[in-house]
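> Sequence:
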Amino acid sequence: MTGHEPDRALLPPGSDAGSRTTVFGCAALGGLYRPSSREEAHAALGAAWELGFRRFDTAPHYGVGLSEEYLGEFLRGRPRDSFTLSTKVGRLLVDDPTVADGTDGFFGAPARRRVTDYSADGVRRALEESLERLGLDRVDVVLVHDPEDHLDAAVREAAPALARLRDQGVVTGYGVGTNYAHVAERFVRETDADHVLVAGRYSLLDRRAERGLLQACAERGVQVLAGGVLNSGLLADPRPGAPFDYAPAPERLLDAARRMAAACRARGLSLRAAALQFPTRHPAVGAVVTGAGRADEVRDTVDQLRAAVPDDLWAELDTLVPDQDLLP
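Reading the sequence shown from the start, the letters are residues 1 to 328 in full-length UniProt numbering.
Worth flagging that the hints you see were computed from the coordinates, not collected in a lab.
Idealized CB from N, CA, C, for every residue including glycine.
Just to be clear, a hint being listed does not mean it is correct.
[Stated by the list, open to error] Restraint ranges, calculated between C-beta atoms of paired labels, are given here:
hint, residue 1, residue 2, range
1, Arg294, Pro328, 25 to 31 Å
2, Arg281, Arg156, 21 to 27 Å
3, Asp311, Gly108, 27 to 33 Å
4, Ala262, Gly241, 40 to 46 Å
5, Arg299, Val170, 17 to 23 Å
6, Gly77, Arg281, 32 to 38 Å
7, Arg125, Asp311, 33 to 39 Å
8, Thr103, Val170, 47 to 53 Å
9, Leu131, Arg306, 31 to 37 Å
10, Arg113, Glu73, 37 to 43 Å
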C-alpha cells in the first residue's frame, strides 16, 4: 500500500524552506512539565508565526485540551489556507474535578480525565470534540495517538475510520503518532496511512527507527515526522541527571551525548543545532517536530535550525552513536 500524496497534506501554499522541514509541536502549550498561560502560549505562537512556522501539531492529550484551545484561539484570525494543522485521536476527554494537577506531566490544565477509545465511533467523536476546542471547521491530518497498548483496535478500527474520512475529503491525510518504532512500522505495513510521527526514535543518539520503519515509509510513500529529537532533554544539555525518554539517562548515553556535545563545540556549534537538524538528513523524513513553549525558546530553535553543520561533523557524530541494542 502506498501513501496518498503526503507532502500536500502538510505543505501550505507559500511555505518557505524552513516551514517545509519544521512543524511547531504544541505539547508545551498544554503545560507539559510546567504551566503555560494564555499570554505565554500566544507569545510563543506569535514568534513562531513571525519566523515562518505554518505547520502545527497538537493533541487532546496535551493539557487535556488546553493546547488545542490556545492554538485554535491563535489560528482563528488567520486565513485557513495559510497554515496546516494536525491533531490526534485515541483519547476522549471528560470533566472530572478529582483529577490532580500535573497528571501525565501536564500542569495548570483543566480538571479533565482522558478516556482511551480507538474505536471508529471514538475516533469520529474525538475529532468532532477537537474541532470544537480549536474553533475551526477542519484539520488537515489526524494521527492515532499512542496506540501501543491497543494496537489491534487502532489498526482494525481507528485506521479504517480515518481512511474513510480522508477518502470523503474531511481530512487530507491520517497516520500514527507514537514513541515506538515497531508500533509505527506495524501501522505503516498494515494500513494505508500517509504520515508517521515517531518521537525519540530517530535522533543523534537513538536510531532505532532505521531498523525497519524508515525503509517501510520510504517504500510506501509515507511521510515521517520526527519528534522528540532532543530525547527528553539529554541532547539539549547532557548534564548529570539529564533525562532520556523521561527518566534519568544511563551513564553510557550521558557519556555519548557529552562526546557529541564536545565535537559540536569544537566547530563552534551547539549540540542542539545538530540534534534538531539530524533527522531531515534521511530522505523518508519530511519534517522535524519542535517543542518550544516560550517565545525565546522558539527564536533559539530557529537559530539552531539555521546553523550550518559541516559534513565532517556529521561523520564524527555517526562514530559516537551508542550500541542501539543497549538502549533502555
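> Which numbered conditions among the earlier hints are violated in the structure presented, ordered from lowest to highest?
Per hint list: 2, 3, 4, 5, 7, 8 and 10 violated.
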